Amino acid sequence: SAVISQKPSRDICQRGTSLTIQCQVDSQVTMMFWYRQQPGQSLTLIATANQGSEATYESGFVIDKFPISRPNLTFSTLTVSNMSPEDSSIYLCSVEHSYEQYFGPGTRLTVT
Amino acid sequence: GQNIDQPTEMTATEGAIVQINCTYQTSGFNGLFWYQQHAGEAPTFLSYNVLDGLEEKGRFSSFLSRSKGYSYLLLKELQMKDSASYLCAVRDGSGGYQKVTFGTGTKLQVIP
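So the protein lines, in turn, are chains A and B. Just so we're aligned, residue 2 is where the first sequence starts under the working numbering, counting upward by one. Just so we're aligned, residue 247 is where the second sequence starts under the working numbering, counting upward by one.
No lab work stands behind these hints: they were computed from the structure. A couple of the hints might just be wrong.
[Said to hold, decoys possible] FRET-style restraints, in silico, Cβ to Cβ:
# : chain 1 : residue 1 : chain 2 : residue 2 : range
1 : B       : Ala262    : A       : Gln25     : 39 to 49 Å
2 : B       : Thr290    : A       : Ser85     : 44 to 54 Å
3 : A       : Gln25     : B       : Gln265    : 30 to 40 Å
4 : A       : Phe76     : B       : Asn276    : 25 to 35 Å
5 : B       : Glu287    : A       : Pro86     : 29 to 39 Å
6 : A       : Glu55     : B       : Asn249    : 39 to 49 Å
7 : A       : Arg16     : B       : Ser311    : 31 to 41 Å
8 : B       : Glu287    : A       : Gln23     : 17 to 27 Å
It should be emphasised that the depicted structure is a prediction, and the values quoted were computed from it without experimental measurement. Here a beta-carbon is modelled for each residue, glycine too, at the ideal position from N, C-alpha and C.
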């Protein structure tokens, strides 16, 4: 299995500001994924981050709003830019390891 | 694109058996996952099916029929702690990279 940590675990931010979420994995992985889970809903894939290349964004998500870094095989960041209350959600980092997908504990973001 | 359907809610009795169904449509099927998610927590991996048939893992079993676009998760000897949301997720490799899409989840309530 893979052990994933995320920082911060939660934050309350003002609209118009930005927050960067960090994801650290205990082993080297090729692909890392960022998901969003809004209250009472399932997970929505934001983007796939491969080391050494640009992230691939899903429909409805753009790089200017959710810039992603992937500097090495164990770390990634997701920034939520120019936040609005609609960005209030849980953001989850995920990795694939031996054909199984594992999730970090999530970052609970509230935008006021 | 992908379309994943599962029931929104189910109720079952402690000690009983429950089957949660999932149907999907995808162009580049490359595996199906089941996850358990307790309220306020990240999803945890339960099973992965890529070939047709039944995979048994303790009290939980998962079945896949690729020709029918159908899977189910079977939970035996239900316990109160099994009350959670169960997410069906499908991996699709048709876009040149592997992408996992989640269904909306089935909220299972186990009653005494």
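For each hint, the structure was consulted:
Checked against the hint of 39 to 49 Å, the C-beta distance between Ala262(B) and Gln25(A) comes to roughly 41 Å, which is consistent with it. Range check, Thr290(B) to Ser85(A): about 31 Å between beta-carbon atoms, so the 44 to 54 Å window is missed. Hint check: Gln25(A) to Gln265(B), Cβ distance near 38 Å, so the stated range 30 to 40 Å holds. Taking the beta carbon of each, Phe76(A) and Asn276(B) are about 26 Å apart, inside 25 to 35 Å as hinted.
Judged by the Cβ atoms, the range 29 to 39 Å given for Glu287(B) and Pro86(A) is violated: they are separated by roughly 24 Å. At roughly 28 Å, the beta carbons of Glu55(A) and Asn249(B) sit outside the given window of 39 to 49 Å. Separated by about 47 Å at the C-beta atoms, Arg16(A) and Ser311(B) break the suggested range of 31 to 41 Å. Remark: the range hint 17 to 27 Å for Glu287(B) to Gln23(A) is upheld by a beta-carbon distance near 20 Å.
Going down the numbered hints, you'll see the structure goes against 2, 5, 6, 7, while the others check out.
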